[in-house]
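Take the given structure of chain P and dock chains F, Y and S to it, following the hints.
There are 4 protein chains.
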Amino acid sequence: MTQTTRRTFLAAGAAAFTHAVIARAAYAQAAPATAGPVDPALIDDLVAANRILVDQGVVDGYGHVSVRHPADPQHYLMSRSIAPELVTAADIMEYDLDSTAVDARGRTSYLERFIHGEIYRARPDVKAIVHNHSPSVIPFGVSTAPLRPLYHMSAFLGGGVPVFDIKAAAGGATDMLVRNAALGRALATTLGARPVALMRGHGAVVVGPNIQLTVFRSVYTEMNARLQAQAMALGGPVTYLDDEEARLAGGSVGGTVVRPWELWRKKALAR
Amino acid sequence: MTQTTRRTFLAAGAAAFTHAVIARAAYAQAAPATAGPVDPALIDDLVAANRILVDQGVVDGYGHVSVRHPADPQHYLMSRSIAPELVTAADIMEYDLDSTAVDARGRTSYLERFIHGEIYRARPDVKAIVHNHSPSVIPFGVSTAPLRPLYHMSAFLGGGVPVFDIKAAAGGATDMLVRNAALGRALATTLGARPVALMRGHGAVVVGPNIQLTVFRSVYTEMNARLQAQAMALGGPVTYLDDEEARLAGGSVGGTVVRPWELWRKKALAR
Amino acid sequence: MTQTTRRTFLAAGAAAFTHAVIARAAYAQAAPATAGPVDPALIDDLVAANRILVDQGVVDGYGHVSVRHPADPQHYLMSRSIAPELVTAADIMEYDLDSTAVDARGRTSYLERFIHGEIYRARPDVKAIVHNHSPSVIPFGVSTAPLRPLYHMSAFLGGGVPVFDIKAAAGGATDMLVRNAALGRALATTLGARPVALMRGHGAVVVGPNIQLTVFRSVYTEMNARLQAQAMALGGPVTYLDDEEARLAGGSVGGTVVRPWELWRKKALAR
Amino acid sequence: MTQTTRRTFLAAGAAAFTHAVIARAAYAQAAPATAGPVDPALIDDLVAANRILVDQGVVDGYGHVSVRHPADPQHYLMSRSIAPELVTAADIMEYDLDSTAVDARGRTSYLERFIHGEIYRARPDVKAIVHNHSPSVIPFGVSTAPLRPLYHMSAFLGGGVPVFDIKAAAGGATDMLVRNAALGRALATTLGARPVALMRGHGAVVVGPNIQLTVFRSVYTEMNARLQAQAMALGGPVTYLDDEEARLAGGSVGGTVVRPWELWRKKALAR
Chain P
2 MTQTTRRTFL AAGAAAFTHA VIARAAYAQA APATAGPVDP ALIDDLVAAN
52 RILVDQGVVD GYGHVSVRHP ADPQHYLMSR SIAPELVTAA DIMEYDLDST
102 AVDARGRTSY LERFIHGEIY RARPDVKAIV HNHSPSVIPF GVSTAPLRPL
152 YHMSAFLGGG VPVFDIKAAA GGATDMLVRN AALGRALATT LGARPVALMR
202 GHGAVVVGPN IQLTVFRSVY TEMNARLQAQ AMALGGPVTY LDDEEARLAG
252 GSVGGTVVRP WELWRKKALA R
Chain F
2 MTQTTRRTFL AAGAAAFTHA VIARAAYAQA APATAGPVDP ALIDDLVAAN
52 RILVDQGVVD GYGHVSVRHP ADPQHYLMSR SIAPELVTAA DIMEYDLDST
102 AVDARGRTSY LERFIHGEIY RARPDVKAIV HNHSPSVIPF GVSTAPLRPL
152 YHMSAFLGGG VPVFDIKAAA GGATDMLVRN AALGRALATT LGARPVALMR
202 GHGAVVVGPN IQLTVFRSVY TEMNARLQAQ AMALGGPVTY LDDEEARLAG
252 GSVGGTVVRP WELWRKKALA R
Chain Y
2 MTQTTRRTFL AAGAAAFTHA VIARAAYAQA APATAGPVDP ALIDDLVAAN
52 RILVDQGVVD GYGHVSVRHP ADPQHYLMSR SIAPELVTAA DIMEYDLDST
102 AVDARGRTSY LERFIHGEIY RARPDVKAIV HNHSPSVIPF GVSTAPLRPL
152 YHMSAFLGGG VPVFDIKAAA GGATDMLVRN AALGRALATT LGARPVALMR
202 GHGAVVVGPN IQLTVFRSVY TEMNARLQAQ AMALGGPVTY LDDEEARLAG
252 GSVGGTVVRP WELWRKKALA R
Chain S
2 MTQTTRRTFL AAGAAAFTHA VIARAAYAQA APATAGPVDP ALIDDLVAAN
52 RILVDQGVVD GYGHVSVRHP ADPQHYLMSR SIAPELVTAA DIMEYDLDST
102 AVDARGRTSY LERFIHGEIY RARPDVKAIV HNHSPSVIPF GVSTAPLRPL
152 YHMSAFLGGG VPVFDIKAAA GGATDMLVRN AALGRALATT LGARPVALMR
202 GHGAVVVGPN IQLTVFRSVY TEMNARLQAQ AMALGGPVTY LDDEEARLAG
252 GSVGGTVVRP WELWRKKALA R
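Protein chains in written order, with my numbering: chain P, 2 to 272; chain F, 2 to 272; chain Y, 2 to 272; chain S, 2 to 272.
Everything labelled a hint here was simulated from the structure, so no lab data went into it. A portion of the hints provided could be inaccurate.
One copy or two, it doesn't matter: identical chains are merged, so the pair holds either way.
Unchecked claim - With a cut-off of at most 20 Å between alpha-carbon atoms, the simulated EDC-like pairs for lysine to aspartate or glutamate come out as follows: (1) 268 / 45; (2) 267 / 86; (3) 168 / 245; (4) 267 / 104; (5) 267 / 40; (6) 268 / 86; (7) 168 / 243; (8) 267 / 45; (9) 168 / 244.
So here's chain P without its partners, still in its complex pose (with noise of 0.2 Å):
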């Protein structure tokens, strides 16, 4: 990925927005309706997923993950504002898309919850999302060296990693936070079709069509950022996976999810 197609997503973010305060506007934010109960494997899953990314470094006391409903693509589940490795079954909340709890009593939601939400509103084949400090990648968002896939199991960065600078999107400084369905519209248009976007001075943010396959690319996004990193300090032209070799090797890997997440999930939900 060059400069000039970063420059490319973050004038597209900032367009973006200007776009969303004006639609965002029309919301109304009242307690909307429950869809239903979900299967509580997928409350299990979504427990197990908090505490993998922790064991595996991607979020420490900070960063959420969330799935869609599997019963109204127009609400997700995620948990109340604790550190993921707290999380339980009954710490799960439900929201609606313009991220307002169905039912909070009195329970406090993450800040940032718009990114989910404005997320899913854009990207109708996402199932399940990240955001995450995750501390390899950081570096990257706030370098003008580009996040590019190293080897098969970060296959996925394939075709460029968008960075979002919030002050673009926002026209000026903030507190860095996507606390608004605005910012978090912004931050949608800057992933438009990718897996990953990096935010600049903050971290990250992973999608896939369905938890496992979002925690194995949070996982992975961080392996690759260590991995390049360390290739770049080795000095000389490092070589990364082609794009018709990302392609491929993206549909091959995904493919074998099943086989590190049998581990993860066991060792997370045996604590």
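Chains F, Y and S only, in chain P's frame:
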């Protein structure tokens, strides 16, 4: 922060030192009276803080953390001289701002307790202090590269991180330890109104309005140093939070400290 | 190893590939007969090897290790397709050198089992094989910097570490997986008589005369890669073992493998 | 320490070697008599030291630590040849300074025990010795970058860290192991009066006036190497402790070793 700013900090420290030597000579070292009992929950927080700093890799067998006495701003509480990981409630001692123990009963005090006494004296807003040898931070204390806020979690670093050079403060070679009130006062002068100061060839001091935020700042100063070094190693320019972003994000993120604190405390006290 | 040497390895691999495609087409894939029962101690070693490689950070949820069948050099033993950390004795399957399972009973095989079959076929001296995505090794597989022996523990790297480029072997883009006998044969050709070959954009393969030494080499290839990157980052020339030192040290250190193996196995099987 | 200084150390080592070969030939290797029983608390400290070095990442499956016999300076105590993590009191053996075991009873000795015997012979002040493959230290042994004291905790490195090149000492390629008295004597000559010497392509040797300080120095040599590499990577000049600071800090910090030792020993023996 420019190098010029660093020199200004150091010059201020050296000037303060001379003043402090004279001023401190008037203080007596007799055992002071207690300021009275403290809420056991605060003691638990202080014990937890010691262990959290270990868990998060901010301290090893060395380092210390204190809180100002809630009933008397002229007193503070800190463990006797043992490794932070071993601290229990029974090890917490009370000191006045001359860093004289109220009731030593043969217990050894940290040699560098003057860091705490003198900063509490100079900074009425400070309610908790951490002194550490935070590993990723040490290299920034001996380098000309200034530590700067890379992301919102370390926004409190905005405005510059002064570096205390004990040689400049003492006017010559020392054993690097802040082992008396004069050196503590010089360090407090270098710290000025900031939340963090680096100590050349030694470590860092971190302060805050309560123990939770002070521990939080210690953890994310370490993390920022690690991530900044990685970002710099990628080559090319690094985009830091600008001053306004740092100010805004510092406020917002500071308000979320309960989230990691709940996690950290639970794990620390479960051991 | 010079870059010229690397190109020679790759050219050899590409040539071998064409030959292999033709040769392999003649092999049948029918279920072969078992070579008979195996000493349970060897199975325990193979299970331990899987866990040791996890403990030592050489494999994560992916990677596999095999041993040649002690009673029939035309067969080998390897786990069904699960994460190495979960492998138990019941998961070990038997394969012939076409990498066809003797008794699959519905169990899934690793897609890349051809790495094992074809190397066993090409290298009668090899009794155990590890395929991994060893994190510190990956960067050397995509860099022009050759992996070289930095200290006596990795002296077996003396003589050069070839890099397998699957694109050159396949004559175009692939999904990066050694998913058939032809690619396995090309990899075996690149490996030649060496103990280790890197796989560009993928990982590495490590072989040896027994499972202990093969695990040992996997561990210290990872360690050497980490230390070499650090030494290179210090700037200035790096002194590697010379050829004679590598030869002598490789022999001596290889004779001490029982020492770490005893430790590693005890810890791995205690879980 | 300049490169010139390093060469001086090496030249001294080479000269000593020739002398040592002749001198050592006169020693007999018959089993010596015991110097008598040892306080179990010292044995416990030696066992703890083995485990502490593992816990602190200074040794892996290799490395060894010894203490001089308290009743006879011509004898020392060290484990039989097993991984440090597995050492118990029953594994401790007694050697004379020729590194001949008093009562082997079939137990295997470390091949490189001559490191210990010859340093004890050359350095009456030394009461404990660690030989390790300390990971962050290895790169400095193969680089032209000298290891220097970055902070007060590693002030004992002040005055320079010599590098032992076994090729220069032996006059040609070896298997890198200090496998006889002549090589041990050459290493002792390179070490001179210093607390630490690096061994090119191998590891390091660390000595001290007691086991606590020797373990402490091993831990903080590793830490200093890690931090120094990070500081160097930041670019620009690095400020090390000056000679007087190193001397003063070395004395002061050395006096605090009981603090981490109490922690380390407690954790090591609790396993």
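To see whether the hints hold, each was checked on the structure:
Taking identical chains as interchangeable, the C-alpha atoms of residue 268 and residue 45 lie at most 20 Å apart only when both belong to the same chain, with a minimum of 13 Å there against 22 Å between chains. In this homomeric assembly, residue 267 and residue 86 come within 20 Å of each other (Cα to Cα) both inside a single copy, at 15 Å, and across copies, at 11 Å. In this assembly of identical chains, residue 168 and residue 245 lie within 20 Å of each other by CA distance solely across copies; the values are 11 Å between and 34 Å within a copy. Taking the shortest Cα distances, residue 267 and residue 104 never come within 20 Å of each other, neither inside one copy (30 Å) nor across copies (27 Å).
Taking identical chains as interchangeable, the C-alpha atoms of residue 267 and residue 40 lie at most 20 Å apart only when both belong to the same chain, with a minimum of 19 Å there against 30 Å between chains. For the identical chains of this complex, residue 268 and residue 86 are neighbours both inside a copy (13 Å) and across copies (10 Å), given an alpha-carbon limit of 20 Å. For the homomeric pair residue 168 and residue 243, the shortest alpha-carbon distance between copies (10 Å) is at most 20 Å, but the shortest distance inside one copy (32 Å) is not. For a Cα distance limit of 20 Å, the shortest separation of residue 267 from residue 45 inside one copy, 11 Å, qualifies, whereas the shortest one across copies, 22 Å, does not.
When the C-alpha separation of residue 168 and residue 244 is checked against a cutoff of 20 Å, the pair qualifies only between copies, where the shortest distance is 13 Å, while the shortest distance within a copy is 31 Å.
In summary, the structure is inconsistent with hint 4 from the numbered list given earlier, while agreeing with all the others.
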